[in-house]
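Residue numbers (the working numbering), protein chains in the order written: chain A, 1 to 110; chain B, 1001 to 1886.
Worth double-checking, as some hints may not be accurate.
Unchecked claim - Here are the simulated lysine to any residue pairs, SDA-like style, with alpha carbons at most 25 Å apart:
#1 B:K1204 - B:S1154
#2 B:K1038 - A:Q47
#3 A:K66 - B:E1385
#4 A:K60 - B:R1244
#5 A:K66 - B:A1019
#6 A:K75 - B:H1018
#7 B:K1038 - A:K87
#8 A:K75 - B:D1025
#9 A:K75 - B:R1017
#10 A:K75 - B:N1047
#11 A:K66 - B:N1047
#12 A:K75 - B:R1244
#13 A:K87 - B:D1025
#14 B:K1038 - A:K60
#15 B:K1038 - A:R34
#16 A:K60 - B:E1385
#17 B:K1038 - A:R74
#18 B:K1091 - B:R1444
#19 A:K75 - B:E1385
#20 A:K75 - B:A1064
These are calculated hints, taken from the structure and not from any lab test.
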Amino acid sequence: MSSSQLDLPQGTLDLLILRTLSLGPQHGWAISERVQQVSADMLRIQQGSLYPALHRLERKGWVTAKWGVSDNNRKAKYYELTRTGRKHLEAETESWRKLTSAVALVLESE
Amino acid sequence: MSILSDLRFRMRALLRRHAMEQELDDELRFHFDKEVEKHRAAGLTENEARRQARLAFGGQSQVAEDCREARGTGLLETVLQDIHYALRQMKKSPGFTATALLMLALGIGANAAIFSVVNAVLLRPLPYAGPSRLVSLSEGRPKAGIAGAGVSWSAFLAMQDHSRVFSAVAGLPIHALTLTGNGEPADVSTVAATPEFFSLLHAKALLGRTLSPEDGRDGATAVVVLSEHLWRSRFGADPQIAGRTIRLDQRAYTVAGVMPSSFQTPFVDQADQVWIPLAQDPLFSKWRTRPPATHWMLPVIARLRPAVSLDQARAELETISAALASHYPAEKGWQAAIEPLRQAIVGDARTPLLLLLGAVGVLLLIACANLASLLLTRATARAMEMAVRMSLGASRRRLARQLLTENAMLGLLGGAAGMAMAWGGVRVLASFLPPDLPQPHSVRVDGAVLVFALVLTLAASATFGLAPVLHAFRADLQANLKKGARAGDAETSRRARSVLAAGEMALAMVLLAGAGLLLRSFTRLESISPGFVTEHVVKANVSLPRFEYTKPEQWTAFMNELLTRLQAQPGLQDAAIVVPTPIADTAVTLPFSIVGSAPLPPGAADTADFVSASPRYFRAMGIALLRGRLFSRDDTASTPPVALISESLAKRYFPYENPLGRRMMFGFPPHGEVVREIVGVVGDIHDVSLAQKPGSMMYVPFAQAPFWGGDIVVRSRLSTQEVAAAIEAATHDIDADVPVTEIASLPEALQVSVAQPRFRTQLLGLFSVLALLLAAIGLYGVVSFSVAQRTREIGVRMALGATPASVRRLVIGESAGLVLWGLALGTPSALLLAHFLSAMLFGIGPADPLTFVGVALLLSLVALTAAWLPARRAAGVDPIQALRSE
């Protein structure tokens, strides 16, 4: 656990999950691993946040869940992005980009 | 996300709760195992890998809980949990639950049952299209105190032709015609309607057609419309009935159609009825060509044009009345009146019904107070449980929700039981509704009653359920944990329950006083002698078919023959005919004038009740002859007209002279304006009702004022059945097609007059007894709980030398205080109610001291009896044990 680890701002967890799932169906553990890898260990999703978030996204209909078999032949719950989930991801990504660039502009202004 | 899919997800989550729990568990376990695997792959030992994974994982149950929350099943689940818990609580204390449910069921059941009557009579719209536009028209003579009489024929025509406020006006005189063929001859209620009748009410036939304007023309075929009930019972629901002929009063009528049973003629409650055009009626058709001059008998309904107000219509009726008075001298002083049709139908049934509804409302209030008191007691006993749960982290909100759920469950179950009670109660109630209550057939438990009961249930639950919740909120956690249920806030709860008990006493007092006043009135009413003998008198209606017996001489001949045959039989000597029968029939009031007296100012007239009777009537009914002579068989149509007058009439109009030999002018059409000689004075009788004082009456011999029908009255030692059989046999020996109906002993027939007071007295009596019982139970509960709480105190007192008698006095004294409070609050409220009752009282004032003192004594006696049991228990406390138990 490095000190370089970041706290996730509100609302970004859903975005990370949806983005990860946009590459294909995954189970919860793989999602958290992937986020950690891609962010070079700077982002780490706690299980305590990940699973409630997945269940919430499922209720909203942005992801669906199916039971499948993992690479080591165990039953695992796979989450998959739905069409509304994908649309939502695009919209959120867009507004996130706008927000970060705007914040960057402000911060970097002389 | 759509609300629908969200709801579906939540529902599935809820229904598949068990499977979902398992899946959640599997999912989290899988994650944990992957984590362990990862650490192992990184070179950690098995144990170290597991430790790391567990560290990263946090509390598994917390994660699971958060997931459940995220799935959105949390709220529903806790509600289910609460309900489950509430049911368990109810099962745990069956005594409490049964008492609470019984009280609620009683309160809500009684309310729903009475409301179903109120709904049918007062609230449900009349079963016609646009019911609010329908009105009833009448005429009255305000100066003579006559109101709500029928409309005269000329006034009816004027209303039809000259009014712009009504879209239609219809007359509907109602009488009975004799239906023959298809079984025994029977009297059927017949509406002789003017052609506008059905279209005015927008009524459609079930089969065939209704009456059309053509049916009302001269020379049209006589047609008849049957009620569905008659069609089914008498004609076997023949689908080909239209076009067939039936015989009414021995004349053929062609069936035009059948009206569905949902259609009722205003003012008529009989299921068997027929409608014929007024133009084809044996009696009323004559009005069209020879309108009687003095005859206010036509019931009239009308439909207001859209946007015309009642006041506008009233103004126009005044103009019409004024025009009529200038045209026809007889109409002078008469004024047309208008009222909404519903009001005309309901009449004076409104106040007693509202009174009963108020009474059951009070009953429910008492039941609620009792329940609140019970729940408070339980809340005190459960203070420890609540304190423990709060210290374990349950929020006040959560506990309040739990308590509210418990109360709501109690309320709903009680409400359901109440509905079951109402359903049965309505059946019982229907069997003793007074016969003159309008629309008795439509009294039932319907949607409106269900909604009413549901609202009542929720309101009641909120009323009795709030107290313990507030109580729990105020609970002092620390104190309760320390002292348990012993003391703490027990004092405030005790005070609250005392207030409730005193309030219950006050409410019970109000109902008891009302019931007491009605009961005293009713016994007074029943103890009144009507002025004639009723025991051993049997009456039966005999009515002659008018198309066959058209002439008055035929009526006299038939009745004379019938009476002669009856009187020839042993035990039936005292047989007579009378029209109308006192009390059982509506009295016929006619104007009269005394020959030789100064004429009255125009528009004013002296009136007296008119009776046509055969000679032996006075002997059969035990009406005393005070002066002169009675009628004899020698008074016939061809001898000089004679009359008998009642004592009241004699005293009022001949105070200083002998009325015998004086002459009066009066009569019933077609023999109106006949001068008759007074030959005798007879005793006064109550001819309208027991409640109304005897007034002026004038009798004429039946032979000089015959009718096509009337009541045969026979005083006999034989049984009612034997007399009835004799009357039927004698009648059918003369003519087999003459119906004999309405056979009853006279006391039975007179019950009509007291049916309404009896109904309200019985019901209010029942409710007040229930109220008294509930209040007594409430007081008993408060006192015994207080004794249980103060066992230690009582023990100390006894240890210090108090005797059992003084302990008893202490407890009883406390209850007596509550009773006094109840009486102090109840008496003024009861006086208020009594004022509202005064129109229903008879022979006593609303503040009748005997009633109030009696009710107060009864209440105190019952209350102190209820307090006596716990007082005895208190006196039996063993001081040693009481002191040890702490």
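Comparing the hints with the structure gives:
Note on K1204 (chain B) and S1154 (chain B): the hinted pairing is violated, with a Cα-Cα distance of about 29 Å set against a maximum of 25 Å. Taken as a hint, the K1038 (chain B) and Q47 (chain A) pair is honoured in the structure, with Cα atoms around 15 Å apart against an allowance of 25 Å. Distance check on the hinted pair: K66 (chain A) and E1385 (chain B) sit about 44 Å apart at the alpha-carbon level, beyond 25 Å; violated. In summary, the hint linking K60 (chain A) to R1244 (chain B) is not supported, as the alpha carbons are separated by about 71 Å, beyond the 25 Å threshold.
For the given pair, K66 (chain A) sits about 14 Å from A1019 (chain B) by alpha-carbon distance, which is consistent with the 25 Å threshold. Between K75 (chain A) and H1018 (chain B) the alpha-carbon distance is near 18 Å, which keeps this suggested pair within the 25 Å criterion. Using a Cα cut-off of 25 Å, the hinted pair K1038 (chain B) and K87 (chain A) is violated, with the two alpha carbons roughly 34 Å apart. For a cut-off of 25 Å, the pair hint linking K75 (chain A) to D1025 (chain B) stands: about 12 Å separates their Cα positions.
Our distance criterion of 25 Å between C-alpha atoms is met by K75 (chain A) and R1017 (chain B), whose separation comes to about 20 Å. Distance restraint check for K75 (chain A) and N1047 (chain B): the Cα-Cα separation of roughly 24 Å lies within the 25 Å cut-off, and the hinted pair is therefore satisfied. Between K66 (chain A) and N1047 (chain B) the alpha-carbon distance is near 32 Å, which puts this suggested pair outside the 25 Å criterion. Between K75 (chain A) and R1244 (chain B) the alpha-carbon distance is near 83 Å, which puts this suggested pair outside the 25 Å criterion.
With a C-alpha separation of about 31 Å, the suggested pairing of K87 (chain A) with D1025 (chain B) is violated against the 25 Å cut-off. Between the alpha carbons of K1038 (chain B) and K60 (chain A) the distance comes to roughly 32 Å, so the proposed pair goes past 25 Å and is violated. Proposed proximity of K1038 (chain B) and R34 (chain A) is supported: the alpha carbons are some 13 Å apart, at most 25 Å. Taken as a hint, the K60 (chain A) and E1385 (chain B) pair is broken in the structure, with Cα atoms around 40 Å apart against an allowance of 25 Å.
For the proposed pair K1038 (chain B) and R74 (chain A), the alpha carbon gap of about 15 Å is at most 25 Å, so the pair holds. With a C-alpha separation of about 33 Å, the suggested pair K1091 (chain B) and R1444 (chain B) falls outside the 25 Å cut-off, and the hint is violated. Among the hinted pairs, K75 (chain A) with E1385 (chain B) is inconsistent with the structure: their alpha-carbon atoms are about 44 Å apart, more than 25 Å. Distance check on the hinted pair: K75 (chain A) and A1064 (chain B) sit about 19 Å apart at the alpha-carbon level, within 25 Å; holds.
Violation of the numbered hints given earlier is confined to hints 1, 3, 4, 7, 11, 12, 13, 14, 16, 18, 19; the remaining hints are satisfied by the structure.
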